[in-house]
Structures are given as structure tokens and as C-alpha cells.
Amino acid sequence: MPIWNTGEECLDREARAQQQIERLQSTLNRASKNVPFYRNRFGLQGMDSLEVENLSDLRRVPFTERQHMSDNYPYGLFAVPLRDVVRIHTAPGMTLKPTVSGYTKSDLLVWRELVGRALTAAGVTSSDILQIVLYPGLANWGRDYKDGAEAIEASVIPLTVLTPEKQLMIMRDYRTSVLITSPSAATQLMNLLFRANLNPNTLALKTLILVGQAPAASIHSQLEERLHVKTWVHYGLSEVPGPGVAFECEERQGLHVSEDHFLPEIVDPKTGEPVPEGEEGELVLTTLTTRAFPLIRFRTGDRVRFLGGACPCGRTLRRIAWLPDRTDETMVIRGVKVHHRQILLLLERAIGVMPKMYRISVKHEELRDYLEVWLLADESIFSDEIKEMEKVVQGIGSELTQELGVPVTIRLREKPSFHEN
Amino acid sequence: MLRIRNLKCYYGRIRAISGVSLSVRSGELIALIGANGAGKTTLLHTVCGLLSQWEGEINFDKKSLSGRKPQEIVRRGISLVPEGRLLFPPMSVLDNLKLGAYVRYRQRQHQDAAEDLETVLNLFPVLRERSKQAAGTLSGGEQQMLAIGRALMARPRLLLLDEPSMGLAPFLVRLIMDILVQLKGEGITILLVEQNARAALQVADRGYVLENGRVVLDGPAGDLLADQDVKRAYLGKDYREFYDGRD
Numbered sequence: 001m002p003i004w005n006t007g008e009e010c011l012d013r014e015a016r017a018q019q020q021i022e023r024l025q026s027t028l029n030r031a032s033k034n035v036p037f038y039r040n041r042f043g044l045q046g047m048d049s050l051e052v053e054n055l056s057d058l059r060r061v062p063f064t065e066r067q068h069m070s071d072n073y074p075y076g077l078f079a080v081p082l083r084d085v086v087r088i089h090t091a092p093g094m095t096l097k098p099t100v101s102g103y104t105k106s107d108l109l110v111w112r113e114l115v116g117r118a119l120t121a122a123g124v125t126s127s128d129i130l131q132i133v134l135y136p137g138l139a140n141w142g143r144d145y146k147d148g149a150e151a152i153e154a155s156v157i158p159l160t161v162l163t164p165e166k167q168l169m170i171m172r173d174y175r176t177s178v179l180i181t182s183p184s185a186a187t188q189l190m191n192l193l194f195r196a197n198l199n200p201n202t203l204a205l206k207t208l209i210l211v212g213q214a215p216a217a218s219i220h221s222q223l224e225e226r227l228h229v230k231t232w233v234h235y236g237l238s239e240v241p242g243p244g245v246a247f248e249c250e251e252r253q254g255l256h257v258s259e260d261h262f263l264p265e266i267v268d269p270k271t272g273e274p275v276p277e278g279e280e281g282e283l284v285l286t287t288l289t290t291r292a293f294p295l296i297r298f299r300t301g302d303r304v305r306f307l308g309g310a311c312p313c314g315r316t317l318r319r320i321a322w323l324p325d326r327t328d329e330t331m332v333i334r335g336v337k338v339h340h341r342q343i344l345l346l347l348e349r350a351i352g353v354m355p356k357m358y359r360i361s362v363k364h365e366e367l368r369d370y371l372e373v374w375l376l377a378d379e380s381i382f383s384d385e386i387k388e389m390e391k392v393v394q395g396i397g398s399e400l401t402q403e404l405g406v407p408v409t410i411r412l413r414e415k416p417s418f419h420e421n
Numbered sequence: 422m423l424r425i426r427n428l429k430c431y432y433g434r435i436r437a438i439s440g441v442s443l444s445v446r447s448g449e450l451i452a453l454i455g456a457n458g459a460g461k462t463t464l465l466h467t468v469c470g471l472l473s474q475w476e477g478e479i480n481f482d483k484k485s486l487s488g489r490k491p492q493e494i495v496r497r498g499i500s501l502v503p504e505g506r507l508l509f510p511p512m513s514v515l516d517n518l519k520l521g522a523y524v525r526y527r528q529r530q531h532q533d534a535a536e537d538l539e540t541v542l543n544l545f546p547v548l549r550e551r552s553k554q555a556a557g558t559l560s561g562g563e564q565q566m567l568a569i570g571r572a573l574m575a576r577p578r579l580l581l582l583d584e585p586s587m588g589l590a591p592f593l594v595r596l597i598m599d600i601l602v603q604l605k606g607e608g609i610t611i612l613l614v615e616q617n618a619r620a621a622l623q624v625a626d627r628g629y630v631l632e633n634g635r636v637v638l639d640g641p642a643g644d645l646l647a648d649q650d651v652k653r654a655y656l657g658k659d660y661r662e663f664y665d666g667r668d
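Taken in order, these protein sequences are the chains called A and B.
Number 173 in the working numbering belongs to position 173 of the first sequence; there are no gaps in the numbering.
Number 523 in the working numbering belongs to position 102 of the second sequence; there are no gaps in the numbering.
So here's chain A without its partners, still in its complex pose (with noise of 0.2 Å):
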């Protein structure tokens, strides 16, 4: 399988280390000259960004997560001015606060470039016809792969929102050979394939890259076996930046990660210590290029552990597996992260007043995977009619579900059989 970039894929230990530190010190610099939060926070830790000198002095620099995103909404954690920013992305946050990131000019080249180093290791060429097929919260990420499959000159069927019928309809019709989705979107396209009779052979498809969720491993074998495809995992982050952070090769013995953009960390999720080399923890990531949101330490939230030794590809990426259950509280629909936080507060905003008693979950379907949100109906929900109280529900649902970019479904119960918020 070629490789896209095999000056920086394969570019020796010794001096990624060198390229490594160089962009870690100018990334600190920029930040803290530049973006007042950071410049705070080093301050509080007394120590001046010139101070790290190596990895280890990495480890002082306090962390950055979600929360702090929503609490610097809209640009307070922008490095460049406006101005230089060419592309401001939404994404839902834990709050009732998008998350905003920016991208300069060169940051957009990065991610074109980061897509299509990740597309080519997973075969993709310039006579594929690529097919993206992600649910509106990870709308992002589907300009980012546009962009990226376009960089690499395949023909792009970008993001539009069809029903999934009118998507299997465009995968044949049009041959589609690559397909970008979710996991639990392609397990859903698959039962929908079967359910009209369609055999796997009529669509052209060969190349699967599932992004969003770490996929379970039965998963992979079972939508290879079915779809008579080959499989290939992508790692992202969907509040920032976006897609292609770490992939597989043709080894597909763990995800590569684009080391000269991004250093990565693994942490125990509790203390924040770094872990033994090869054992699990929380995935953190910096940015080293990043020019208009840089993110310093930044707490994906994903459980992930170092493989060791070389790869026969040839590149000299690091890898890491990628572990499905998450280290917070997240919950992944369709490659949708959803804070549990978040869910509340809008049903706060809904509803007038905080639920007492609530209950969510993630449910699977066959056709289609959807957040489950039982609510107490008490005083503020319950009305005598039942026309009215069916409208107040589905006015929750639905605004929850514009929200949220993923199904929401509202029910109701009248004595508690769940715990208490």
C-alpha cells in the first residue's frame, strides 16, 4: 500500500524527537503569548512555557478538557486573530455552549493533508468513488473528509442528509468503492442491504472506514464477512480540530498517529499520571501545528494503550489501539459524542425546570441507534390532556434531537422505577 507522505510517515525515531520538541516549544510559545487562558494556567503553575524542555517537563503543564471549551466560548481560545481565521466549525459541547474551533489557511492544508495520508493507507486512490454517510453531529468531519478525499483526487459523494434507503440507493446506483461512516451506521446500512433482499455483490463497494467510535472487534468481522469488504478504522477528535488524528495501515495491528501534528500522551483517567509504557488509560493529545485553536494536553476522554515495537508498513508512527468504553461520562450514538451534562441542561431549557428523576441510555435498533431519555411526569411535564402532554414530549424530543444531531426519543413514566438525579 503506498504511502502519502513518506518523508514524515517514515521519518527516523531520533528525529521525531528533535521535530517533536521543536514544534512542542513554538506551539507553547505561541500559545501562551498569544491565548490568555493558557498563558494563565502556566502562570499558576509558576512556570514560564520556556521551561519544557523535554517530555517529561510536558507532564507540569495542567490539562485541558471539555469544560474549559464551553467556558471560553465563543474565541477565547483562538491563537490567531479573526481575521486569519478562514473556517469556524460548531460542534455540540457539554454545555448549552457549542464548542467553536477555528482553522487558518494552512490549518485547513493540515487536515487535508492528515485525511489523505489516512485514506491512502486505507488503498484509497484517485479512481475511487468515496461516499460520506455521518449523522449531523459529526457534520464537521464530513468537510474535513471531503477535502482530504479531494486532496487525493478520489470523486467525493459528500455529506447531504438522505434517509439511509436513499443512501444504499446512491451507494449502488452511483458505485460507490469507499464509504465513510459509523460504525452503527454501517451495521444499520448492512441490515438494510439484507432486509431488501440486495445482494452484497450488486454495489461496488470495497474499502469501509469507520469512524467515530471505537468498533468492536465482532463488529469489524462481521461487516466484512456481509459486505465483502475490507474494513478500516479512523481515530478523530469531534469537538476539535477533526478526522484522521490516527489510522490503520494494511498491518491493521493498531491506529498510527500522526506524530509530527500531534503528541500523544496516555494517562490514567483518576490521577493524571502517566501510565506504565503499554497499559491503558486516557488518550491526551497536543497539537504541534495547529495555528488558530491549538489545544495543549487536551483530555479526549478515549481509552487507548501504546503497541510497542516497529511496524512492517514501514512508517514510524507510534501506534495505539483504540479501546471501546469511554473514560467519562460521554456517551458515543453513532459516532455522535453526547455529554451527559448536556442532556440535562437542555432538558433544563425544555421543560422550565431541572428534572428530578431521569434516565438515559443508548439504544440499538436494527435500523437505526437512538438516545432514550425517560423523564418523571411530574407537575412540570403532566397536563390533563393527553393531546397536550404528547406535544410537550415531542417538543422536548425534538428539540433535543436538533440539538444533539443524534434521535432523541422522550418517554414517560409515572412512578419512579429509576434512581434519583
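You may find that some hints are simply not true.
Stated by the list, open to error - Derived lysine-lysine pairs resembling DSSO-like cross-links, with alpha carbons at most 30 Å apart:
| id | chain 1 | residue 1 | chain 2 | residue 2 |
| --- | --- | --- | --- | --- |
| 1 | A | Lys33 | B | Lys652 |
| 2 | B | Lys553 | A | Lys105 |
| 3 | A | Lys356 | A | Lys166 |
| 4 | A | Lys33 | B | Lys429 |
Bear in mind the hints are in silico, worked out from the structure with no lab data behind them.
Here the structure of chain A is known, so what remains is to put chain B in place on it, guided by the hints.
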């Protein structure tokens, strides 16, 4: 080839460079840009061994340059074209060039040095024409060529240049930059310090932007050239671009 980590340089108690990491790979042309007082010249002088008060690591070909004397560093293959050329004005062009091979004459490599003199004179035909003339009578551009030629006489593998475009007319700046590209083609690795960011980035592979003794930006030269921050800070004074395309 050259690998600098966490370099801090001091003039007495004043810190001129605060933790710079920078690398030059074999065959690369690297531009180091920044405003006055950013620490560019200090960095070059430190690499050459002219400044001894520093901390951090400087490795050339994986060997530390710590505590090495300038002449030893020249022997290892690093030459400097200093800011303001620093020629010997009353001496002839030829003698100025020969002085560049000083350490090699000491090692009795007369034959090799004579060959290199031929190469340099072929590279700069104008210097051959004026070989008997006193260096002080040359024009600015010719003096700069002489300074580069003199540095080449030490047969460096890494050539350091400090503001070679200073005081030169635009067409001469281009000429000098073209010569650097030519030298790079001949296998010489180059670290170029410039205030003329545009000229330097146009020929460089990668660049570093130095500000108050720290690197605030680094990347492929093409990216830096297009970078808004760099444009504002270092390319801003060239108004030509504003008028380009208006007529």
C-alpha cells in the same frame, strides 16, 4: 546534521536566547527569520563558537560542539559568512579568499585549497576579474560574493550566513539567493539568517521565526511565506504587493 536543543545564550546576565530547539538536516536550506534583537546573530555566533556563555545542546554530526573553539568548529565543517561581510578592505580579493582556507594551509592542504580557489573563482567570475583589486574597492554585491567565497574556501559542509542581503539592491539580493540555491544543489547544507523574510523564505526548504529569543513558528518555507502572522510582522514593510495588480 545540526541539532540544537533548548539553547540558552547569555551576554553577562542578559539572556538573549531562551530555550531554542532547531535542526538542520543534511542538504537542507533553512531560513531563520526575525526582527532586530530576536537573537538570530547570537544563535549563529554560538554555533560557530564565538560565544561561550550558553546552555543546552548543540550537536553537529551527532557530536557536541560544547566547549569547542571556533577554529576547531571550522575544521569540523562549519563556516560563517558574517553580518556586514567583515572583509579585509586593503587586502586583495585573492588574499581575502586565501585567508578563508587558513586552517587548511595550516594542515598543509595547499593542493586542495588551490583547487577550491579555482572552484570559487568559477562560481563568481567577477571575483576572478577583480582578483588583484583591493577588497574595499568592490561594490556591495561583489563584497558579499567575496565573503561567501571566503567562507567556501574552508570547504564547509554547513554554511551559516548572517544577513547576506543587507544593504543590497533587490536584483543583487536575488542574485545572492540564487547562488545559495546553487550551493545547496552542490550538496552544501545552509542555515540562512535574514531580516528579508520574503527573499529567504522563497529559497528555503523550512523556516523558523524567532521572537524575543524563542521560536514562535516553524514549518515549511512555503507555509510561512503565506502565513498571515509572518506577513504582518516581517513582510509588512514591502508595499509593492498592495500595488501589484492595481494598474
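* To do: Below or equal to 30 Å on CA atoms is what counts here, so check B/Lys553 against A/Lys105.
  => violated, 53 Å
* Pairwise hint evaluation, A/Lys166 against A/Lys356, where the allowed Cα distance is 30 Å at most -> Violated, at roughly 41 Å.
* Hey, A/Lys33 versus B/Lys429, does the alpha-carbon distance stay inside 30 Å? -> Holds: A/Lys33 and B/Lys429 sit about 19 Å apart, inside 30 Å.
* **Restraint check for A/Lys33 with B/Lys652, where alpha carbons must lie at most 30 Å apart** => Holds, at about 18 Å.
In summary, the structure is inconsistent with hints 2 and 3 from the numbered list given earlier, while agreeing with the others.
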